[in-house]
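J.: These are the residues of each chain, in order.
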Amino acid sequence: MTMTLTINGKKRTLTIDPGEKLLDVLRREGYMGVKKGCGAGDCGACAVLFNGRAVNSCLVFAAKAEGAEILTIEGLATGEVLHPVQEAFLQEGAVQCGYCTPGMVMATIDLLSRNPDPSEPEIREALSGNLCRCTGYVKQVNAVQRAAEWMKGGETRG
Amino acid sequence: MSNIKTYQRPASLEDAWRLLSEEGKTAKLVGGAVDVGLFAPPEVATLIDLSHLLSTSVESRDGGGLVIGAGVTLTELLESPQAQAYGGGILVTMLRQVASPLLRNAATLGGALASTHPWSDVITLLLALDAQVRRYSGHPEEAALETLLESRGTMDRVIISEVSLPRLEERTYIDFEKFVRTGFDVGMLNCACRMSLSDDGCANVRVVLGGTPDIARRSPDVEAAIAGTSLTASDIEKAAAVASESIPARDDVRASGAYRRILAKAGVRRCLQRMAQKAGE
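If you read the protein sequences in the order shown, they are chains A and F.
According to our numbering, the stretch in the first sequence is residues 1 to 158, in order.
According to our numbering, the stretch in the second sequence is residues 1001 to 1281, in order.
Because the hints were derived from the structure by calculation, they are not lab data.
Beta carbons: idealized from backbone N, C-alpha and C, even for Gly.
Among the hints, erroneous ones may be present.
To be verified - Where chain F lies over chain A, by a calculated footprint (3+ residues, C-beta under 8 Å):
1. 40-51
2. 57-65
3. 76-90
Construct the entire structure; sequences and hints are all you get.
T.: Dropping the structure here:
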């Protein structure tokens, strides 16, 4: 079957299998920043924004994205300029192996778009579906707080 | 490996129902598709997407009741001012404990009911609230969630379109408790209590225990232990003891039956203590 959706601001018409998941379609189309982890909605490595909300793309049937706006990690930077959330993760060292980072960043963008000044418990809740097996989440929480400060101040990057 | 061969977007509920009837067990209704994405049985070859047909509104009605479209995601419900105001925010208290935000962003209220998971926090609280479910199975009809759950195996064979929650009378109290090992894990047990308290004591009592590991059910023995009492500390302890003795607790991978009995006692006690405290304020 064919479907039309918008990925990172670009309208795309794709041929998909009716049972395919959005994660597999995105990776096949070259969006390799969408990571394949558990495949069961537990780890959040595959998180993308689906009409502005962070979801596990491993659970979403690609066909369900007909007409939807999808944002992946590849759609955040403007040229060489990183999104403030990406920059904050870098500056806070909230990255170790990096596999979980794209999902964490997308979940953070969802959070900050609705709650520009989250408390630490709110940040931890927002990231509760994103597992990191390298670190202890402290640096990720710091990164979200730093990104929130920058974005409140209207800065595009730190 | 998925055996899904077709993905349908019917033009109306009638069309969706016709497709479901024609395809039988090889078709599955899809709202947020979280459950089907995880647990689609191998015989399922057709998905019938309802998301464009179901209401996503949350409206206050009847002077304080709530009408919720089955297409509302759990996040949308959590963020709805109407839901936040209902029952002192009890829906928010419960929903914040359901899965992770990533899953709540996709999962719908209709799907949370249709899946009839035994660990469902949504079902436990909605049973305590005496939710009414509007559904379509060739024609629209409405029934109490409690009645629908009696034929649990057929819940995913009808189209759930709307859920309504009653207006809560003054001096009605409701509480929810869930026991989990990690933040967004499936619960080992959950519990919801609702009652009104007047000078004649507790009335309209509904006590629901879920994840026992069976699906949520009202506990008539606990309700009888509370009804008519003034909810003193002694009344609460007696009701909590009855909960421990009367639940159909069994062992599974999440907890032993013996541990669930202890949790049932703690859950009922905590809910009732908080309700008594609110009543005394």
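J.: Hints first: check each against the structure and report whether it holds.
T.: Hints, verified against the model:
1. 40-51: holds (count 5)
2. 57-65: Holds: 6 residues of the segment 57-65 of chain A have a Cβ under 8 Å from chain F.
3. 76-90: violated (count 0)
Checked against the numbered hints given earlier, the structure breaks only hint 3 and satisfies all the rest.
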